[in-house]
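Please build the complete structure, drawing on both the sequences and the hints.
Just so we're aligned, residue 3 is where the sequence shown starts under my numbering, counting upward by one.
Keep in mind the hints are simulated off the structure, nothing from the lab.
Please read these numbers as outputs of a predicted model, since none were measured by experiment.
Where hints are given, some of them may not hold.
[Unchecked claim] Listed next, the in silico DMTMM-like pairs over lysine to aspartate or glutamate satisfying Cα-Cα at most 20 angstroms (straight line):
| id | residue 1 | residue 2 |
| --- | --- | --- |
| 1 | K436 | E464 |
| 2 | K160 | E194 |
| 3 | K34 | D337 |
[Stated by the list, open to error] Listed next, with one range per pair, are the computed distances between beta-carbon atoms:
| id | residue 1 | residue 2 | range |
| --- | --- | --- | --- |
| 4 | E122 | D85 | 18 to 28 angstroms |
| 5 | Q22 | E382 | 23 to 33 angstroms |
| 6 | D71 | D192 | 42 to 52 angstroms |
| 7 | K160 | K497 | 29 to 39 angstroms |
| 8 | K451 | H28 | 38 to 48 angstroms |
| 9 | T59 | Q138 | 21 to 31 angstroms |
| 10 | D85 | E327 | 54 to 64 angstroms |
| 11 | P128 | K323 | 35 to 45 angstroms |
| 12 | Y457 | D71 | 25 to 35 angstroms |
| 13 | S23 | I394 | 38 to 48 angstroms |
| 14 | S317 | G249 | 36 to 46 angstroms |
| 15 | T368 | K329 | 19 to 29 angstroms |
C-beta atoms are modelled at their ideal positions from N, C-alpha and C, and glycine is treated no differently.
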Amino acid sequence: MKKLFLLFVLVIFVFNCSSQSFSINHVESANKSSFQAITEQGVIKGYFLIFYLDRYTETSNLLSLELYDQNLKQTHSIELVRDKNEQLIDGVFNGEKFCFSFYNLKAKYIDYLILDKQGEISGSYPVNNLTDLEIQYFILLTSTKSDYYSGLLAPIEKKGFIRCGIKANQGDVFGIQKDMRIQLEAFSNDGELLWKKTTGIEGKKIWESTNYLFSNEKYIVTSITYRNGIMSKNFKNYLMFLDATTGNELFRMEANVKNNYFSYNGINYDENLGELFCYGEYYDKEAGVKNKSIGLFIKIIDAATGSIKQEKYISFEKDIKSLIEKKSNVGKIADRNMAIHKILRAEDGRIFAITEQFANNDSTKTLFLYDLITFEFSKELVLIDAQIVNKITDTHTKSEFNTNVTASINKFTNGFDYCLTSINSNKNFTCIYKTTEKNKSYLGSFTYKNKSFNYDKILRTENPIIYTVLPGKVGYIAIYEYYDLEKRIRLRIEKLNI
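What follows is the structure, encoded as structure tokens:
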């Protein structure tokens with residue numbers, strides 16, 4: 003009997019170690035970015051959760067900020083009272099401080115609230131001179147509370163934060179802007195302005211948009227797309243590399259080179275080698291992103307000089323197509339596009355590109371998702387092999403836009419089956435994705451370790467309005483679920499077989 007009791011205790015212990023969860027009630031609203039990981043130097047230290055409580059007055063709303071360690075044990079719980087007309091837009095952590103942006107729909111200003119690791123207020127950075135275009139953007143963001151928000155706020159590691167604003171000159175006819183530039187504003191952990199930088203060519207009319215790519219305590223990298231007039235279809239693009247301390251431009255890289263247009267998906271920084279590892283897709287320069295991409299590219303850049311140390315172009319038609327068709331069980335894949343989610347370098351120097359196939363049904367204006375494919379390259383960027391995860395999915399997106407624009411929207415809203423890739427200190431990595439088998443929903447995973455792949459899956463039993471997966475400590479993931487009708491959030495930690 004004693005042995006049976008000890009066995010029962012052991013089973014309970016193992017179950018609790020592999021999966022733990024709890025629910026939070028009285029949630030008035032939350033969104034896809036309400037739950038985020040707290041990382042310090044690339045290591046998961048914990049999580050933060052911010053949401054609106056169902057307690058409020060005629061003049062104010064009440065938010066709860068919950069801080070957790072890496073095991074989802076609560077360390078702090080803070081209540082924030084904010085103006086009734088404000089809406090939470092975004093939140094980030096820079097290794098030292100939190101920053102949350104609130105847009106006031108009535109007074110038309112944005113306030114960046116800065117908190118320390120204990121949730122105490124350190125300062126704020128108010129912005130009152132918003133342009134009409136910025137106001138329209140924030141109204142769009144606040145139109146639905148469950149959407150994924152991006153208020154163009156990014157951390158500068160341990161030093162402060164940076165916001166991407168819009169600087170516009172009003173035109174003479176119908177109040178239409180005749181000029182639109184990006185204005186970057188960096189502010190400290192106490193809310194003091196560090197520097198401002200306005201992009202664009204001085205003395206020339208220009209229309210710009212930006213896509214933040216990377217920042218740490220040394221560098222800020224953003225992609226700038228521009229054209230010379232509001233009606234112009236001649237888009238050009240470049241990467242701008244800035245000194246994070248001063249805002250001075252270090253160097254830039256043109257995206258329109260020879261006969262190709264480069265779309266940068268991401269940047270990794272290797273501090274030991276002093277390298278910026280850039281990757282993305284390249285297109286025919288004339289056709290642009292309205293057609294399928296030609297392939298993927300990798301550029302390894304010297305962070306000090308901006309010179310290209312290594313670059314490789316991998317053609318879907320010449321290099322990849324035959325390899326996939328040989329290894330896949332679906333035969334011809336001519337109608338399928340490929341989204342690049344992550345490209346990384348493992349401990350052994352090999353490089354992996356994690357991609358997902360998609361295709362558009364033109365008659366129904368629907369984007370469908372297919373297999374996950376991980377391409378393996380040598381240190382010299384030679385294509386070696388491909389690992390194919392055959393997945394069945396009911397994920398699809400209706401859109402009036404063309405295939406690639408719809409895919410870009412999917413990436414922004416986390417609409418692909420791909421969830422995340424986590425990299426541990428040994429540069430082994432785990433990829434998480436959504437899949438369906440025999441009418442049951444799962445989270446699938448594969449891990450690269452000791453030059454081989456391990457596979458696992460976790461059953462999903464409920465159907466929340468928001469389902470988000472975040473990286474956890476080595477061997478674990480964190481899952482965030484929001485049930486709007488029940489006014490409930492559920493958080494849990496799941497163990498992976500790695």
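Item checked: Violated constraints from the hint list, given by number and in increasing order -> 3, 5, 6, 11, 13
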